[in-house]
Amino acid sequence: MQRLHPEQQNSSLGISKALQEEVRMIEDAENSNNGGPIVKKSLTDAMFKVPTKEANFFTWARFYISLYYNKLAVNCFGCLTGWKWYNRVDDYIILGALPTPTQIKKLHNQEKVDTIVNLCLEFPGYEKLYRDLDITQIRLETPDFSIPSIDLIHRGICEIIKRKQDRPKSTIYLHCKAGRGRSAAIAICYLLRTYDLNLNECQNLLIEKRPQADKNLVQSDEIRLFYKDLLTDLEAGRYSRQPLN
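Per full-length UniProt numbering, the very first residue in the sequence shown carries number 1; after that it's consecutive.
Source of the hints: derived by calculation from the structure; they are not laboratory data. Do not take every clue at face value.
What the hints assert, rightly or not - Derived EDC-like pairs: lysine to aspartate or glutamate, alpha-carbon spacing no greater than 20 Å straight-line:
{"hint": "1", "residue 1": "K209", "residue 2": "D90"}
{"hint": "2", "residue 1": "K164", "residue 2": "D91"}
{"hint": "3", "residue 1": "K112", "residue 2": "E159"}
{"hint": "4", "residue 1": "K169", "residue 2": "D114"}
{"hint": "5", "residue 1": "K84", "residue 2": "E208"}
{"hint": "6", "residue 1": "K105", "residue 2": "D144"}
{"hint": "7", "residue 1": "K162", "residue 2": "D233"}
{"hint": "8", "residue 1": "K169", "residue 2": "D233"}
{"hint": "9", "residue 1": "K228", "residue 2": "D196"}
{"hint": "10", "residue 1": "K112", "residue 2": "D144"}
{"hint": "11", "residue 1": "K215", "residue 2": "D144"}
{"hint": "12", "residue 1": "K106", "residue 2": "D90"}
{"hint": "13", "residue 1": "K209", "residue 2": "D196"}
{"hint": "14", "residue 1": "K169", "residue 2": "E111"}
{"hint": "15", "residue 1": "K215", "residue 2": "D90"}
{"hint": "16", "residue 1": "K164", "residue 2": "D90"}
{"hint": "17", "residue 1": "K169", "residue 2": "E159"}
{"hint": "18", "residue 1": "K228", "residue 2": "E208"}
{"hint": "19", "residue 1": "K112", "residue 2": "D90"}
{"hint": "20", "residue 1": "K162", "residue 2": "D91"}
{"hint": "21", "residue 1": "K169", "residue 2": "D151"}
{"hint": "22", "residue 1": "K209", "residue 2": "E111"}
{"hint": "23", "residue 1": "K162", "residue 2": "D90"}
{"hint": "24", "residue 1": "K106", "residue 2": "D134"}
{"hint": "25", "residue 1": "K228", "residue 2": "D114"}
{"hint": "26", "residue 1": "K164", "residue 2": "D196"}
{"hint": "27", "residue 1": "K106", "residue 2": "D144"}
{"hint": "28", "residue 1": "K209", "residue 2": "D233"}
{"hint": "29", "residue 1": "K164", "residue 2": "E111"}
{"hint": "30", "residue 1": "K164", "residue 2": "D134"}
{"hint": "31", "residue 1": "K105", "residue 2": "D134"}
{"hint": "32", "residue 1": "K209", "residue 2": "D91"}
{"hint": "33", "residue 1": "K128", "residue 2": "D114"}
{"hint": "34", "residue 1": "K84", "residue 2": "D214"}
{"hint": "35", "residue 1": "K112", "residue 2": "E127"}
{"hint": "36", "residue 1": "K112", "residue 2": "D91"}
What the hints assert, rightly or not - Just the calculated beta-carbon pair ranges, DEER-fashion:
{"hint": "37", "residue 1": "P243", "residue 2": "Q110", "range": "24 to 32 Å"}
{"hint": "38", "residue 1": "P243", "residue 2": "R88", "range": "16 to 24 Å"}
{"hint": "39", "residue 1": "K105", "residue 2": "T232", "range": "39 to 47 Å"}
{"hint": "40", "residue 1": "K84", "residue 2": "N204", "range": "17 to 25 Å"}
Please read all numbers here as calculations on a predicted model, not as lab measurements. Think of the CB as a built atom: it goes at the ideal place given N, C-alpha and C, for glycine as much as any other residue.
Can you make the complete structure from the sequences, with help from the hints?
Right, here's the structure in full:
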């Protein structure tokens, strides 16, 4: 029996087509290199790249094991842990794991999601689906198991606040692969920027809303630096915050 390469299989999460399209774009660029030597361009660094067709089985296995771990934790043990695929943080932000196409349609129709903030360096997003649904994707590409840089945090918060002002009745879906680290860091910074809360209060609020979020995010240098910058801006009267209802 012939074993299919993982990239040829259909992921039950619905991500295979998006990954295939990303690989195809890279290969098209390589093949149009005017007859010159083909240089393999990684989507990310060697540790976090999306595997290409030439990647061995173990590279693909590492990628999919990491991706499906959260699905197993939510679907099999969610009744015990309280973990869900996504959770609403406030009236404007939903924080979650990498969504499936079916979930995106549901979020768009039922939760009025019209913006996706994607922290995954390793996943390009469902670009065609987003175009079809008129959803805007904002990419803040951050390697897995990392905290977004201070520049990416500032950019992400500015984008979120601007969208919130322009579309106050819509919702933003904020995600990385599992919705525990990278995207949760942006969620904490959003809470800091929006509500009259300190670091620990924001961390506790986020854990209350999404139990699987990393409980030590506020110890990161990037989030502490963002909070320091925010306090400076608040003292200068550049921003104002609202009480948490």
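Checked hints:
1. This hinted pair checks out: K209 and D90 have alpha carbons roughly 9 Å apart, not beyond 20 Å.
2. Using a Cα cut-off of 20 Å, the hinted pair K164 and D91 holds, with the two alpha carbons roughly 10 Å apart.
3. A distance of roughly 18 Å separates the Cα atoms of K112 and E159; the hinted pair therefore holds under the 20 Å criterion.
4. Our distance criterion of 20 Å between C-alpha atoms is met by K169 and D114, whose separation comes to about 10 Å.
5. With a CA separation close to 12 Å, the supplied pair K84 and E208 stays within the 20 Å bound.
6. About 26 Å separates the Cα atoms of K105 and D144, which puts this hinted pair outside 20 Å; it is violated.
7. Among the hinted pairs, K162 with D233 is consistent with the structure: their alpha-carbon atoms are about 17 Å apart, no more than 20 Å.
8. With a C-alpha separation of about 27 Å, the suggested pair K169 and D233 falls outside the 20 Å cut-off, and the hint is violated.
9. Taking the CA atoms of K228 and D196, the gap is near 14 Å; set against the 20 Å cutoff, the hint holds.
10. The hinted pair formed by K112 and D144 fails the criterion: a straight-line CA distance of about 28 Å is larger than 20 Å.
11. Annotation: proposed proximity of K215 to D144 holds, straight-line Cα distance about 17 Å (limit 20 Å).
12. Taking the CA atoms of K106 and D90, the gap is about 18 Å. The hint holds against a cut of 20 Å.
13. Our distance criterion of 20 Å between C-alpha atoms is met by K209 and D196, whose separation comes to about 17 Å.
14. About 10 Å separates the Cα atoms of K169 and E111, which keeps this hinted pair within 20 Å; it holds.
15. For the hint linking K215 to D90, the alpha-carbon distance of about 19 Å falls within 20 Å, and the restraint holds.
16. Annotation: proposed proximity of K164 to D90 holds, straight-line Cα distance about 12 Å (limit 20 Å).
17. Pair hint K169 plus E159 holds up; C-alpha atoms about 16 Å apart against a cutoff of 20 Å.
18. Simply put, K228 and E208 have alpha-carbon atoms about 24 Å apart, too far for the 20 Å limit, and the pair is violated.
19. Restraint check for K112 and D90: satisfied, since their Cα atoms lie roughly 13 Å apart, inside the 20 Å limit.
20. At roughly 15 Å between alpha-carbon atoms, K162 and D91 fall within 20 Å of each other, so this suggested pair holds.
21. Between K169 and D151, the direct Cα distance comes to roughly 27 Å. Violation of the 20 Å bound is thereby established for this hinted pair.
22. Between K209 and E111 the CA atoms are separated by roughly 16 Å; this keeps the pair inside 20 Å, and the hint holds.
23. Between K162 and D90 the CA atoms are separated by roughly 16 Å; this keeps the pair inside 20 Å, and the hint holds.
24. Restraint check for K106 and D134: the C-alpha separation of about 14 Å stays at or below 20 Å, so the hint holds.
25. At most 20 Å may separate the alpha-carbon atoms for a hinted pair to count; K228 and D114 exceed this at roughly 31 Å.
26. A distance of roughly 18 Å separates the Cα atoms of K164 and D196; the hinted pair therefore holds under the 20 Å criterion.
27. At roughly 26 Å between alpha-carbon atoms, K106 and D144 are farther apart than 20 Å, so this suggested pair is violated.
28. Distance check on the hinted pair: K209 and D233 sit about 27 Å apart at the alpha-carbon level, beyond 20 Å; violated.
29. Note on K164 and E111: the hinted pairing holds, with a Cα-Cα distance of about 15 Å set against a maximum of 20 Å.
30. A threshold of 20 Å between alpha carbons decides the hint, and for K164 with D134 the separation of about 17 Å falls inside it, so the pair holds.
31. As the CA atoms of K105 and D134 are separated by approximately 11 Å, the hinted pair is consistent with the 20 Å bound.
32. About 12 Å separates the Cα atoms of K209 and D91, which keeps this hinted pair within 20 Å; it holds.
33. As the CA atoms of K128 and D114 are separated by approximately 14 Å, the hinted pair is consistent with the 20 Å bound.
34. For the given pair, K84 sits about 14 Å from D214 by alpha-carbon distance, which is consistent with the 20 Å threshold.
35. Pair hint K112 plus E127 holds up; C-alpha atoms about 18 Å apart against a cutoff of 20 Å.
36. With a C-alpha separation of about 11 Å, the suggested pairing of K112 with D91 holds against the 20 Å cut-off.
37. Separation of P243 from Q110 is about 28 Å and conforms to the stated range, judged on CB atoms against 24 to 32 Å.
38. A beta carbon spacing of about 19 Å between P243 and R88 agrees with the range 16 to 24 Å that was offered as a hint.
39. Checked against the hint of 39 to 47 Å, the pair K105 and T232 passes, with Cβ atoms roughly 42 Å apart.
40. Our hint of 17 to 25 Å for K84 and N204 holds, since their Cβ atoms are close to 18 Å apart.
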